[in-house]
Amino acid sequence: MGPLVPDIIGSEFNLVIALLVGIGFGFALEQAGFSSTKKLVGLFYGYDFTVLKVFFTAGVTAMTGVLLFSHLGWLDLGLIYINPTFLWSALVGGGIMGAGFIIGGFCPGTSVCAAAVGKVDGMMFILGSILGIFAFTEGYPAFEQLYMAENWGALTAYDFLGISKELFGFYVAAVAIMAFFFTTLIENRINGRTTTFPKPVVRRNVIAGGLVFVLLALVAFTPSDKELIQKRIAEERRQQKCVFKEMPADKLAYELIHNYWEINLIDVRDTASYSAYHLPLAINIPLDSMMNREWKSYFTQTHKKNIFYADTDTTAKKACLLAKHLGKSDNYILRESTSEFRAMFFDLSVPEGHVTKQEQNIYRFRHEAAMQLTNLVKSLQHLNKPVKKEVRKIQGGCS
Amino acid sequence: MKQPKPYMNPYLAGFILGLVLLATIYITGRGLGASGAVKSVVVEGVKDIAPNHYANTAFYQEYRADHGDQPLRSWLVFEVLGVLIGAFLSGVLSDRISLRLEKGPRTSNTTRIVAAIAGGALFGFGSQLGRGCTSGSALSGMAVMSFGGILTMLAIFGSAYMLAYFFRKLWLK
Chain A
1 MGPLVPDIIG SEFNLVIALL VGIGFGFALE QAGFSSTKKL VGLFYGYDFT VLKVFFTAGV
61 TAMTGVLLFS HLGWLDLGLI YINPTFLWSA LVGGGIMGAG FIIGGFCPGT SVCAAAVGKV
121 DGMMFILGSI LGIFAFTEGY PAFEQLYMAE NWGALTAYDF LGISKELFGF YVAAVAIMAF
181 FFTTLIENRI NGRTTTFPKP VVRRNVIAGG LVFVLLALVA FTPSDKELIQ KRIAEERRQQ
241 KCVFKEMPAD KLAYELIHNY WEINLIDVRD TASYSAYHLP LAINIPLDSM MNREWKSYFT
301 QTHKKNIFYA DTDTTAKKAC LLAKHLGKSD NYILRESTSE FRAMFFDLSV PEGHVTKQEQ
361 NIYRFRHEAA MQLTNLVKSL QHLNKPVKKE VRKIQGGCS
Chain B
1001 MKQPKPYMNP YLAGFILGLV LLATIYITGR GLGASGAVKS VVVEGVKDIA PNHYANTAFY
1061 QEYRADHGDQ PLRSWLVFEV LGVLIGAFLS GVLSDRISLR LEKGPRTSNT TRIVAAIAGG
1121 ALFGFGSQLG RGCTSGSALS GMAVMSFGGI LTMLAIFGSA YMLAYFFRKL WLK
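If you read the sequences in order, they're chains A and B. When you line the first sequence up against this note's numbering, it's residues 1 to 399, in that order. When you line the second sequence up against this note's numbering, it's residues 1001 to 1173, in that order.
No wet-lab data here; the hints were simulated from the structure. Among the clues, some could well be false.
Using 20 Å as the maximum straight-line C-alpha spacing, the simulated DMTMM-like pairs for lysine to aspartate or glutamate come out as follows [said to hold, decoys possible]: (1) A:Lys38 - B:Asp1069; (2) B:Lys1173 - A:Glu262; (3) A:Lys251 - A:Glu359; (4) A:Lys304 - A:Glu294; (5) A:Lys328 - A:Glu294; (6) B:Lys1047 - A:Glu359; (7) A:Lys305 - A:Glu246; (8) A:Lys38 - B:Glu1062.
Just so you have them, the derived chain A footprint on chain B, three or more residues with Cβ under 8 Å [as the list claims (entries may be wrong)]: (9) 1007-1014; (10) 1031-1039; (11) 1046-1052; (12) 1116-1124; (13) 1139-1151; (14) 1159-1165.
Note that the structure is predicted; figures quoted are calculated from it, not measured. Glycine is no exception: its CB is placed at the ideal position from the N, C-alpha and C atoms.
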């Protein structure tokens, strides 16, 4: 599951990726004509809308791809870099950049392309941008307030508008296609050309534009892999076909004492309840975070049994079902709830009155098990902790 | 000299660019960029030329804490080196390599150079405030549907349109 950096591709090799990606970026920009300042500023005088066409096509392509990849479970949107929103600095910075664009005729990326094909004005623009950035880094204390004001965090546009991301994708694609159409009309008018609609071109554009909407519709109207899992679970529950392997508390205690390394005892309650009290050697994977990728390895292994428990039978069963659909691990539920387990082993009172032999044996076993478990927890406190997987935030943007 | 080949169909070029961007997001989890690389060059320059100033200025030390001790060893620097190579290759393939100054029909060479430097300075400065330029903030921001990125994009193009009239002598007949 993407992004592949840093877990699958290391940060060193990432620099090689950067070079390769840059080659593709530079090639596409230059082929589009972005190394020519006249073509770039044409956008602002209406005689050449190439920039808008390239920019929006690229944006819509990448955005549709991101939505599709996330839908298919290939890309974790929670991990990719979302440019943070700082309201005022975005507006003021954007305004200044616009002035730089119309005066200098480039933006930083295109000036690099221009310089690469020998345009002196591109090289001068780079020199200028060095000076401008130097002015910012040197004068930073003076701009810090503006730079940091109104921090809205990594806000997405669809959250801001309160709509689904698929709908937002629809809007952007629709706006882009309308913009393509009308700017072509304007462009032809200003250049004194008549607008024609040759059949092959129309057909090609309709197919390309249609494809975007088809993909977006697929994302919007077909269930994602997580929804599919939930659906299968719901179906199974409805038909009452679920079979759970149950483990009684005494058996669990025995297994823990003798084979603790073959068991993942998993507390699926929320973190607060877990910190308040949990069974010996249990780890905490709250039910609603079970699908997160940091826990994947627990549900795709076959070396250890997973034993789920919670305060209620239903929660533990839900977790067990989910685990079954997430991977191929050997899953059990604890027959008793958290408090029952606690009462059985740790709040034990000596049986009084007429006590059968069996009751005495049970008492003795549980009493000893409690002591052994306590010792085990103590001796394993540094060993049995789950490896804390740090989900590293990805650095991005231009900072 | 051979006649330069025509530019690619803008939609095709945009599609290729979009695929490059998508691949970048899929592989690295981040978008493309450009101004950040220039910033790395600036920081490296300050570090080499005025090491004392570098060590005593909060901004550079914060940058160092975030980006490590070697400013040039950054993702964006490598990416921009790639851009240079890719654009050069494209220029070679399309016979567009030549050392020249491109300018509006009524603009003198000096004016063009001064305007390019001034525009670059403004763009460089603005990109720092806006946390990225057209590539890093606007394009990549749009791909991941970031509100800030789209806002910056609107600000860049809106401001350029508003100012276009005043600078028309730089570009138009």
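These are the hints, each one checked on the structure:
no.	hint	in the structure
1	A:Lys38 - B:Asp1069	violated, 40 Å
2	B:Lys1173 - A:Glu262	violated, 81 Å
3	A:Lys251 - A:Glu359	holds, 16 Å
4	A:Lys304 - A:Glu294	holds, 17 Å
5	A:Lys328 - A:Glu294	holds, 16 Å
6	B:Lys1047 - A:Glu359	violated, 77 Å
7	A:Lys305 - A:Glu246	holds, 12 Å
8	A:Lys38 - B:Glu1062	violated, 39 Å
9	1007-1014	holds (count 6)
10	1031-1039	holds (count 8)
11	1046-1052	violated (count 1)
12	1116-1124	holds (count 9)
13	1139-1151	holds (count 13)
14	1159-1165	holds (count 6)
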